[in-house]
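J.: Just need the whole structure built from these sequences, with the hints factored in.
Residues per chain are reported as follows:
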Amino acid sequence: MSEAVRERSQAELVLRRFLRHRAAVTSLVTLLVVTLFAFAGPLLWRYDYADITDDLSQSPSLRHPFGTDLIGHDTFAQVMRGTQQSVKIALAIALIGTVFGALWGAIAGLYRGKLDFLMMRLVDVILTLPSIAVAAAVAAQGVGRSQWWAIAFVLGALTWPYVSRVVRGVVLSLREQEFIESARALGAGNARIILRHLLPNALGTIIVTATLTIATGILGEAALSFLGVGVQAPDTSLGLLVSINKDAVNTRPWLFYFPGLFIILIALTINFIGDGLRDAFDPKQTRVRR
Amino acid sequence: MRRLLAAIPVLIVASFLSYALVALSGDPLEPLKLRNPPAPQRTIDLETERLGLDDNIVVRYGHWLGGVLHGDFGESVQSTYDIGANLTRATTVTLRLVVVAILLALVLAVLTGVVGAVRQYSKSDYALTFTGFVFLAMPLFWVAIVLKDLAVRYNKATGTTVFFTIGETSQGYSGMSPGAKLADVAGHLVLPTLALALITYAAWSRYQRSAVLEVLNSDYVRLARAKGLPWRKVLTRHVLRTALIPLVTVTALDVAGILGGAVITETVFNWNGLGRMLLTGVARADTDAVASWLLLAGLVVIVCNLIADALYAVLDPRIRHE
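So the sequence lines, in the order shown, correspond to chains C and H. Using this note's numbering, the first residue of the first sequence is number 1, and each one after it goes up by one. Using this note's numbering, the first residue of the second sequence is number 291, and each one after it goes up by one.
Take the hints with a grain of salt, since some may be wrong.
Said to hold, decoys possible - Taking lysine to aspartate or glutamate and the EDC-like style, the derived pairs with C-alpha atoms no more than 20 Å apart in a straight line are:
no.: 1; chain 1: H; residue 1: 446; chain 2: C; residue 2: 247
no.: 2; chain 1: C; residue 1: 246; chain 2: C; residue 2: 235
no.: 3; chain 1: C; residue 1: 88; chain 2: C; residue 2: 235
no.: 4; chain 1: C; residue 1: 114; chain 2: C; residue 2: 176
no.: 5; chain 1: H; residue 1: 323; chain 2: H; residue 2: 337
no.: 6; chain 1: C; residue 1: 246; chain 2: H; residue 2: 439
Claimed, not checked - Restraint-style ranges between C-beta atoms, simulated for each label pair:
no.: 7; chain 1: C; residue 1: 29; chain 2: H; residue 2: 342; range: 55 to 61 Å
no.: 8; chain 1: H; residue 1: 507; chain 2: C; residue 2: 61; range: 54 to 60 Å
no.: 9; chain 1: H; residue 1: 605; chain 2: C; residue 2: 250; range: 42 to 48 Å
Hints were generated in silico from the structure; no laboratory data involved. All values reported here derive from a predicted model rather than from experimental measurement. For each residue, glycine too, the CB sits at the ideal point set by N, CA and C.
T.: In structure tokens form, the structure reads like this:
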């Protein structure tokens, strides 16, 4: 057999389609650079985020690329640390939200009937409340207040309903297909059908949703920190950096704009990657040329 | 009507969950207990009694909900604070922000969505898509602060007060004539509404664009054009009407998020509305106040979803006939 007619696997096809999406690939590279900057940067940079230097309130220079704040913190080091914390929290939110949401949606969609009704009403309940308000109410006073994992847990607990709605929709159509019937005929139980058949076949949707969840996670953490119930000093996050420097926007703009630009950069690239993944997994819904 | 009945249990469970979460996550008497010099035990006992802190959570919730049904929103940690009166006042303040922002975001979403779809893959489509993506990636408070800063700079540079950046009304508002009051309220609305609408419209615009694209490719639009209907008429009568249906759904779904956004916007612009009420309540671990707040938010969201249902029927004749 010649090379040209070699069969391509699903993953290969997805990858090829993704690589053709220019904005998504550029975003992926940018995001990798930002992540590297946040996690490897602190090992190489001469200042730690907690260091207090003698340079007070300096505008960006070679010594301090992002300037310094009123008491001499190097903003470059702080932005690295902040990005680290924000990315960590956002990934945890996405992980909690996606795993729980996908299982919840798959179970509801597979079982249908009363169980589905009750499970989806709980989803309605959570979606009825403004998540930032609930998160603020819980995070301000709850256990482990302002610890990064507590923030991730609260926001993750408010994220899964979105995921479960999407996954349920996919599972509802999958469950009627022949391969599920044949799995049943072979004696597969519900747990096996969900884990081995439904979730893998909904993987495209799940990955896309998970990607977008990371972006909302970054913004959610930022919003909570802005309201004063997120990450707390002496630790830092991008949201907290913007928030504590909001009054410096006029006088020392570098303190406000650099962390803000990093939030936007991360959320923007993730959204583009999600867009590219959606096109790659589901080529049907793109490129209808008129 | 059936949907209204289904919504009531959802609202009750939501309010119980939020009540329990707030009640269990903090001790409202902590500041009293940690006070130096310490508060007398008798004071602590009296406060515990007044707030019903010794009862279990179900009893407390039942007591509060019973009160709410009679228009009594419970006891605040701050004994002089009237939850009901504050809720009413704050709602009138916040609702104008939310309603105007939603309307502005809808206009922006429909305009950009239609232009993006009609001129698909043109320069303007790419520019609009990219702008939308950027707004989608921006934290609301960041946009609000930038807008506020620009407005302050503009005011300073021109030596005027074109933009109001602080509060929901000016000082001396109560002494103004009705016309001046309206102008004052509108002036204070401009920047917060713009911030909230810019963050909100971006996602809607995406939905609107793909909805219009789908309709544009349908047979009945081809037919309408083939029979010689002017393009403008095809667009308004046939395309837009159908393509608005998904937008109605998304708008209703996003109302909860917009209420959350209003909290943030109000904080940036120092409004004394629902945002401050929530954050004060949260800081005091004020269960009854926060629970009342969340109940109201849930009610608003559910009412908006019911309105959306009614709108489908207006937009889609098939639903009306069922």
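J.: If a hint holds in the structure, say so; if it does not, say that too.
T.: A quick look at each hint next to the structure:
Distance restraint check for residue 446(H) and residue 247(C): the Cα-Cα separation of roughly 16 Å lies within the 20 Å cut-off, and the hinted pair is therefore satisfied. Distance check on the hinted pair: residue 246(C) and residue 235(C) sit about 18 Å apart at the alpha-carbon level, within 20 Å; holds. Between residue 88(C) and residue 235(C) the alpha-carbon distance is near 13 Å, which keeps this suggested pair within the 20 Å criterion. With a C-alpha separation of about 18 Å, the suggested pairing of residue 114(C) with residue 176(C) holds against the 20 Å cut-off.
Between residue 323(H) and residue 337(H) the alpha-carbon distance is near 11 Å, which keeps this suggested pair within the 20 Å criterion. Proposed proximity of residue 246(C) and residue 439(H) is supported: the alpha carbons are some 10 Å apart, at most 20 Å. The hint said 55 to 61 Å for the Cβ distance between residue 29(C) and residue 342(H), and at roughly 58 Å that hint holds. A hinted range of 54 to 60 Å for the beta carbons of residue 507(H) and residue 61(C) is consistent with their spacing of about 55 Å.
A beta carbon spacing of about 46 Å between residue 605(H) and residue 250(C) agrees with the range 42 to 48 Å that was offered as a hint.
Hint violations for this structure: none, all hints satisfied.
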